[in-house]
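Take a look at the letters that make up each chain.
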Amino acid sequence: MSGHLIGTGLTKRYAGLVANDAVDIEVRPGEIVGLIGPNGAGKTTCFNCLTGAQKLTSGSITLDGKVITNLPASERAGMGMARTFQQAQLFKHLSVEENLLLGRHRHYGASALRAAIGLAGGAERKARDLVHSIAAQCGLTEVLVAPVGDLPFGTQRMVEVARAIVLEPTVLLVDEPGAGMDSTESAYFGALLARISRERDMSVLIIEHDVAMILSICDRIYVLNFGKLLAQGTPADIRANAEVRAAYFGSTVQEAAV
Amino acid sequence: MERFFGYLVTGLANGAIFALVALGVVVIYRVSRVINLAQGAIGVFSAFVFHYTLMGDLGMPVAVATAGAILTGAVLGAGVEKFVVRPVQTRGALATLTATTGVLLLLTELTVQLWGPDNPVIASVFPDTLVRIGNTGVTVHQIGTAGIVIVLAGGLYWMLAKTWVGVGITAIAQDPGAARIVGLPVRSIVTLTWAIGGASAAVAGLMYIHLNSLDQISLTFVLISSLVAAALGGFNSLPLAGAGGVAVGLIFSFGQGYQPVAGIGQLLVFIALLGVLLVRSNKPQLDVVSEF
Amino acid sequence: MAPGVKNLKNAADRGVKLTGGPLMSGKRVEAGGVLILAIGLLVWPLVTPEVAHFYGSLSAIYALIGLSLVILVGWTGQISLGHAAFVGCGCYFGAKLLNNDVPLVLTVVLIGLIGAAISLILGIPSLRLRGVYFTIATLAFGAACQQYFFTRSEVRGIAADQVPRANLVGIQTTTDRGLYYAVLVVLAIALVLAYNTRRTDVGRVLFAIRDSEQAAAAMAIKIAPYKIGLFAASAALASIAGLFYGMLFQATPAPEQFSVLQSLFYLAMPVLGGAEALLGALVGGAFLAVGQPLVNLFDVRLFLMTSIALLLTLLSGFDGVTGALKAGRKAIADAVRGEPVRYGSFVPHEEHDHSPPRVHATVGESPPPVGSVVRVRIVPGVRP
Ligand SMILES: Nc1ncnc2c1ncn2[C@@H]1O[C@H](COP(=O)(O)OP(=O)(O)O)[C@@H](O)[C@H]1O
Ligand SMILES: [Mg+2]
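Listed in order, the protein sequences are those of chains A, B and C.
So the first sequence is numbered by the working numbering: it starts at 359 and just counts up by one.
So the second sequence is numbered by the working numbering: it starts at 31 and just counts up by one.
So the third sequence is numbered by the working numbering: it starts at 700 and just counts up by one.
By construction, these hints were calculated from the structure, which means they are not laboratory data.
Mixed in with the good hints, there may be bad ones.
Unchecked claim - 25 Å max Cα-Cα, derived SDA-like pairs, lysine to any residue:
id, chain 1, residue 1, chain 2, residue 2
1, C, Lys921, A, Glu456
2, A, Lys413, C, Lys726
3, A, Lys450, A, His465
4, C, Lys726, A, Leu502
5, C, Lys921, A, Asp422
Based on the sequences and whatever the hints tell you, model everything.
Below, the structure written as structure tokens:
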């Protein structure tokens, strides 16, 4: 099984600010791992470093045993690492279907030349079939032909996640998918993600502020605060950790526990 | 040696003009994220208004006509912003770049349509008296050009760093939405900046055409030289744009002087640009992430 | 009305689009239109006097240049201010090949390759950077070509070269009509290649890069090769157009014919015709070619009128003529059917009564500020 992502000593500095300070993080094959922490804790920065959108100041990253620290983002994606962005980055000139089809880029299987002379019919059909089945799973069938910019914000987030899944990644990183969803939607989304992860043998690293959702779907959770790892462990450990409560949960957990 | 100093003087004088146009491009880019490709054309059009209309038809004295030409440049700059760039700005960078391209073509062609294809010799507020420095002669106009550019560049720098308008420009450059919310008159500041850009282009046009007869080829040449200079500083740095302008002027002058082949200047500037691109792409690419 | 309740007009003001579906199935109309257009393009020279054929050839050549710019501008969002230089390269190098008895088919291919190779000189350094560097590089390249390379006596110099009118496989090009058909064949091939490309992976990738390089990289897309490759294809098309340009005049034009201003003139094609539809290139090409005889009637300069048309088109907000047609078709369809209100492609409520609906409240939904969570609860219900 693959999808084993390990970051060791991840450090990222912006001028004076240390956004990530020697963070060790591991996502084992098939696991769903949560990354939580207050705003500005460095979660997105950690994602960007893992996926290659930003360069690390120091530290190293491996994916399935291969060192990927210095690979560009596109090559990491080519190795099976997919992600979504905190602010959905969809291709607004394209329809939902075309957005999803782009996830097939690395499996497309027809060269530019063949496609130009009209010989990519087979590849195109195969790509569309897969896209349609994933769209159905994510509840996007109805909107496939819609220009993506017309969609409500929550649906756009879903399109972004679906597009990442079309990539058939071995490890998926999602950044605050629940922002803008209400608690029912986000619970539904969490369950869907868990199911897809199981069905596709895909490990997941998820940043999310909806604590209830995170606690319910994750196998393990990392807590970041001011760029440093504050705690890690199973949802039960995290729930019990006094430091985490103080730094992050405040009174939420107590209320939830009542 | 004598030739060397001759080329040096010409290069510095022309380079100062390129620098001035480049500064205008940078200031405008800072506030509105638009590369004004019409910057050079505004300068030429203003200079032709100066020569044919203000001095020719209206018979104004040089000093008054010069002021009139600078005003023309300012009005043109503000007009381009208000009536061409702003209406298309919501459609993105492609639309604004195409728009300024259209203005470049419009002004260039309008110049020829109105005043014919001749390259006039235009007057200057400074006399052409030769001042001898060692073995080389420098005209008062050349000294004046350099002086004016230094004064204008210094003034621009001072305005940006020290005045209320400058703070406004910096604020708008960083976040137009936030600038509007805190109550800055964003539209007026943007238009004012374009007017300043237009006026500096007019000054450059007057100085340059007096030094070099001007046809469409040299117009594009001025434009390209100043854009290359502005590109050196990533369209963001005034000092680098200024230095780049002078450098391009020197490269051109020495290239043409020692290797007088047709088009050598254009070739050298193209090569210089490739160099600039190399420098910029070797800069550790800033993180491409826009979110945090 | 209670304070804070907005009416529909406000929704439209805020950029919510209200549009209707096409009158007929879009595919049918398009296919029919293209068929009629194709027949028209084939038949018209048979029923017109010879003078028209010159302008027909010129239109087709311009349309090739237009197509090269449509794919560049419309697909990548970049503009080139140096395309005339590629036209010039195609013209001068093409003349040399033809004068050395290289068959025209082979010349077309070779010129395409030469144009593409030359494009790499500026494409590789400038397209790896984002922003306007590419445009400036094309500008400087255009000026260097016109002023330096094209004035070398080995390239063109002061004296014109003869350009023979060779046959394109079976098509005689000695008459302007024959040349028109030859260019039309090349144009048709280019259009088909472009159409297929747009509909498959590469087309989508180019749009993806245009919209978000960061997200494109996350889709395992290597960005630079696509941008550089598309520019090379565009340069190849422009160079091939240049080859035919020389053949049309039967002599190599002076370097001034390939100036930077000429590049700006060419840029009017994707703007006037529309850069989103491939056919915009044909419309733009036809405009520029018949422009010259038209402006001669009024004693104004062609480039001046072109620049005015370009600016007016930009200000109109339509994507050229093809864009305006599309918008018109939609508007007619809406008016005929009395479409229910749509937000983009969504019909919020199927209305049986087509009087304007009353909107009781509109709730803005925009990306929340990063990191914060915006929760909006809507309690459904009707208040009479
Ligand atoms: N490009 C950047 N330049 C400078 N500082 C940044 C940049 N991106 C993020 N930061 C800072 O790094 C810190 C961590 O940010 P981020 O990773 O986005 O936090 P989170 O996703 O946990 O909310 C914040 O203080 C933020 O202001
Ligand atoms: Mg974040």
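Here is what the structure says about each hint:
| no. | hint | result |
| --- | --- | --- |
| 1 | C/Lys921 <-> A/Glu456 | 18 Å, holds |
| 2 | A/Lys413 <-> C/Lys726 | 46 Å, violated |
| 3 | A/Lys450 <-> A/His465 | 23 Å, holds |
| 4 | C/Lys726 <-> A/Leu502 | 17 Å, holds |
| 5 | C/Lys921 <-> A/Asp422 | 22 Å, holds |
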